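Enquirer: Got chain B; can you put chain V on it based on the hints?
These protein sequence lines map, in sequence, to chains B and V. Per the working numbering, the first sequence runs over residues 1 to 372. Per the working numbering, the second sequence runs over residues 1001 to 1372.
By construction, these hints were calculated from the structure, which means they are not laboratory data. This one's a predicted model, so the numbers in the text were calculated from it and none came from an experiment. Among the clues, some could well be false.
Listing some non-contacts, in silico: residues in chain B with all C-beta distances to chain V over 10 Å [stated by the list, open to error]:
#1 Thr36
#2 Thr156
#3 Arg278
#4 Glu291
#5 Ser309
#6 Glu321
#7 Tyr363
The calculated BS3-like cross-link candidates involving lysine-lysine, where the alpha carbons are at most 25 Å apart (straight line), are [to be verified]:
#8 V/Lys1102 <-> V/Lys1151
#9 V/Lys1077 <-> B/Lys77
#10 B/Lys102 <-> B/Lys71
#11 V/Lys1077 <-> B/Lys318
#12 V/Lys1071 <-> B/Lys318
Here chain B is said to cover these stretches of chain V; the calculated rule only asks that three of the stretch's residues, wherever they fall, bring their Cβ under 8 Å from a Cβ of chain B [unchecked claim]:
#13 1256–1262
#14 1317–1328
Glycine is no exception: its CB is placed at the ideal position from the N, C-alpha and C atoms.
Protein chains: 2
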Amino acid sequence: MLSITHTDGAARTGTLSLPRGDIRTPAFMPVGTAGTVKAMMPESVREAGADILLGNTYHLMLRPGAERVAKLGGLHKFMAWERPILTDSGGFQVMSLAKLRKLSEDGVRFRSHIDGSEHFLSPERAMEIQRLLGSDIQMVLDECPAFPATKADIETSLALTTRWAKRSKNAFGEQPGHLCFGIVQGGVFADLRRRSAEALIEIGFDGYAVGGLAVGEPQAAMFETLDAVVPHLPMDQPRYLMGVGKPDDIAGAVLRGIDMFDCVIPTRSGRNAQAFTRSGTVNLRNARHAEDAGPLDPECRCPACTRFSRAYLHHTVKANEIIAAMLLTWHNLTYYQDLMAGLRAAIAQGRLAAAAAEVAAAYARDEAVAPG
Amino acid sequence: MLSITHTDGAARTGTLSLPRGDIRTPAFMPVGTAGTVKAMMPESVREAGADILLGNTYHLMLRPGAERVAKLGGLHKFMAWERPILTDSGGFQVMSLAKLRKLSEDGVRFRSHIDGSEHFLSPERAMEIQRLLGSDIQMVLDECPAFPATKADIETSLALTTRWAKRSKNAFGEQPGHLCFGIVQGGVFADLRRRSAEALIEIGFDGYAVGGLAVGEPQAAMFETLDAVVPHLPMDQPRYLMGVGKPDDIAGAVLRGIDMFDCVIPTRSGRNAQAFTRSGTVNLRNARHAEDAGPLDPECRCPACTRFSRAYLHHTVKANEIIAAMLLTWHNLTYYQDLMAGLRAAIAQGRLAAAAAEVAAAYARDEAVAPG
Chain B
1 MLSITHTDGA
11 ARTGTLSLPR
21 GDIRTPAFMP
31 VGTAGTVKAM
41 MPESVREAGA
51 DILLGNTYHL
61 MLRPGAERVA
71 KLGGLHKFMA
81 WERPILTDSG
91 GFQVMSLAKL
101 RKLSEDGVRF
111 RSHIDGSEHF
121 LSPERAMEIQ
131 RLLGSDIQMV
141 LDECPAFPAT
151 KADIETSLAL
161 TTRWAKRSKN
171 AFGEQPGHLC
181 FGIVQGGVFA
191 DLRRRSAEAL
201 IEIGFDGYAV
211 GGLAVGEPQA
221 AMFETLDAVV
231 PHLPMDQPRY
241 LMGVGKPDDI
251 AGAVLRGIDM
261 FDCVIPTRSG
271 RNAQAFTRSG
281 TVNLRNARHA
291 EDAGPLDPEC
301 RCPACTRFSR
311 AYLHHTVKAN
321 EIIAAMLLTW
331 HNLTYYQDLM
341 AGLRAAIAQG
351 RLAAAAAEVA
361 AAYARDEAVA
371 PG
Chain V
1001 MLSITHTDGA
1011 ARTGTLSLPR
1021 GDIRTPAFMP
1031 VGTAGTVKAM
1041 MPESVREAGA
1051 DILLGNTYHL
1061 MLRPGAERVA
1071 KLGGLHKFMA
1081 WERPILTDSG
1091 GFQVMSLAKL
1101 RKLSEDGVRF
1111 RSHIDGSEHF
1121 LSPERAMEIQ
1131 RLLGSDIQMV
1141 LDECPAFPAT
1151 KADIETSLAL
1161 TTRWAKRSKN
1171 AFGEQPGHLC
1181 FGIVQGGVFA
1191 DLRRRSAEAL
1201 IEIGFDGYAV
1211 GGLAVGEPQA
1221 AMFETLDAVV
1231 PHLPMDQPRY
1241 LMGVGKPDDI
1251 AGAVLRGIDM
1261 FDCVIPTRSG
1271 RNAQAFTRSG
1281 TVNLRNARHA
1291 EDAGPLDPEC
1301 RCPACTRFSR
1311 AYLHHTVKAN
1321 EIIAAMLLTW
1331 HNLTYYQDLM
1341 AGLRAAIAQG
1351 RLAAAAAEVA
1361 AAYARDEAVA
1371 PG
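Extracted from the complex, chain B is given alone in its bound form (with noise of 0.2 Å):
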């Protein structure tokens, strides 16, 4: 199911094939935790760029509930997005956000952070959840212990990890057209990864996720991991990077090897006045562009580009006016889109080093200025 076309060092460029539609790789994933992208229409997230989708198995689990969901048509008819759909198990959502979890071995119990009813999540529950949902990529449930923790807690979460990840391998069962990928966990510790990553091969599956990174340790740890989890997969088949990242995070795992991204930064940030750019991050609610006619990115197809300035996109923000999450985030996400576009291209003509260094570069000089 993937094809990869060409390679530049560790990276690859390609297709993944799904009867939902094609994903073009390295890919990145909008997220759409509850049913929608938070401020879009599915046909503009699909315009910006974007072959397939994240769903939020803890969000839609709790409201409007799988079994809803899956009377309705399924979560595509849903939302209207027809293309592929990944959803992740929950697992991390309900370790980061529900109320009073208890872990055993059999899964998880916990109450919702909507309205404090209490639910359980088990290996089975979450393959249950997303076959009803009726998602094309769909995730093992995994434990997520926070960063930093002790080598031996990762390595006994790592075995309830890997215990989990067959259960859920087998509760996927048979689903033709569907794929099931199991997420390597172990932390920063390249021993651990490495055993997490033989012992998922030995399972089997479709795809293979890096998890539990991205969660607060710092760039270079992320990077590192990646070099020593990446040559323990197999050629051919996609590697997923989960809740990754920035651009200069995700042209650095690119340039490692990965093919699949998903992250709320771009959708988050647009809400939040803040435009990722060509040339580093820029806040819209500043009032240096109060007067500026120009345009946000002039290198940009998006509709706040290419129709409104950055005077008007500053005083939407200040008026705190709905179309400013809807243009910003519309913005990010065709960034975000042409970035994963480019780094495609850069590795079809065996210049990606230089292409991720250019992306690197934008983002420390922004790293080094306050936010503008």
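Expert: Positioned in the frame of chain B, the structure of chain V alone reads:
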């Protein structure tokens, strides 16, 4: 400029032609208070059927400021809406929103509701602001007494409003391609309304608005006032009922010869889960929609109705997702524009009374039952 093609009793349909585009009358103008029709892209407002928008002088003078908008190329360019814009004079909102307003013969001094800063609005400044914005239809500054008021209060207010109308017209001057409308005041007193209309006609305007209605009086009082005013307005010039209204208010006013309307109801209701449909209002927050796979309004052509279910709208309302505001605003504006198109067609076919009665019946039914 107003070309009337058909009449049906007191009602008329035709086209008001302006350099920036034709306005099919009777027309509904969506409200773009602060340079945006809330939660809508401008092209979606157009797709819904709008020929003209309304902008609020009070909001725009405070933020981003009329001189700033002028420097940025005018309001049309600023908000990416190239068709006609009507601006109010700011009077109504100064009276209802601003703090510490102090009225004199010269104008009104007030404090901004945003930051408490002090501002002054006179007939001359109101017209200057509207010219700086580049407004196609500019409204005179009037004084708007609250309802209910004594006849003596209304009479005093009307005298000032009439003097201000003359100053406004003088300040408007000559602006080829731009129109200046007077505003008939006089509360619910037929003799004062008539006196107001005659005084304005003597000054001479490009169109006549009826102000001071939809401020809490019963619908019957509004209709009686229109019956008293409209016969005194010129046949060949546009008539605009300000701030009205619900669908049955509009249908009744069209029957009485009104050509133009504006109201925040469709947009504000859309952000509050309230939808207007051919069979009355629907509250999408209501749990009875949670598993309803059917469309909000099966006869509606908007994206909310053609691509999503009531269950999806309910879910996104409950989850406070921005797409709920986007879709329900889009739907309500589409309903309002289709309502106007239906009334225009009914006038052309000489069956307006039946069409208006149908609208009134849908919304009378609606008031008889709990919102649902």
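Enquirer: All the hints need checking, so say for each whether the structure fits it.
Expert: Right, here's what the structure says about each hint:
1. With 10 Å as the threshold on Cβ separation, the claim that B/Thr36 sits away from chain V is violated: the shortest Cβ distance comes to roughly 5 Å.
2. The Cβ of B/Thr156 lies farther than 10 Å from every Cβ of chain V, with a closest approach of about 36 Å, so its non-interface assignment holds.
3. Look at B/Arg278: its CB is around 23 Å from the nearest CB on chain V, clear of 10 Å, so calling it non-interface holds up.
4. Look at B/Glu291: its CB is around 6 Å from the nearest CB on chain V, not clear of 10 Å, so calling it non-interface is violated.
5. Look at B/Ser309: its CB is around 6 Å from the nearest CB on chain V, not clear of 10 Å, so calling it non-interface is violated.
6. Remark: the non-interface label on B/Glu321 conflicts with the geometry, its nearest Cβ contact in chain V lying 5 Å away (cut-off 10 Å).
7. Every C-beta of chain V lies more than 10 Å from that of B/Tyr363, the closest at about 27 Å, which supports listing it as non-interface.
8. Of the pairs offered as hints, the one joining V/Lys1102 and V/Lys1151 holds, with about 22 Å between alpha carbons and a cut-off of 25 Å not exceeded.
9. Taken as a hint, the V/Lys1077 and B/Lys77 pair is broken in the structure, with Cα atoms around 37 Å apart against an allowance of 25 Å.
10. With a C-alpha separation of about 30 Å, the suggested pair B/Lys102 and B/Lys71 falls outside the 25 Å cut-off, and the hint is violated.
11. For the hint pairing V/Lys1077 with B/Lys318, the CA-to-CA distance comes to about 19 Å; that is within 25 Å, so the pair holds.
12. Distance hint between V/Lys1071 and B/Lys318 is fulfilled; the C-alpha atoms sit about 19 Å from each other, no more than 25 Å.
13. Chain B is given as covering the segment 1256–1262 of chain V, and this is violated because 0 residues of the stretch bring a CB closer than 8 Å to a CB of that chain, at least three being needed.
14. Coverage of a stretch by a chain is defined here by at least three residues with a beta carbon nearer than 8 Å to that chain's beta carbons; for the segment 1317–1328 of chain V and chain B the count is 7, and the condition holds.
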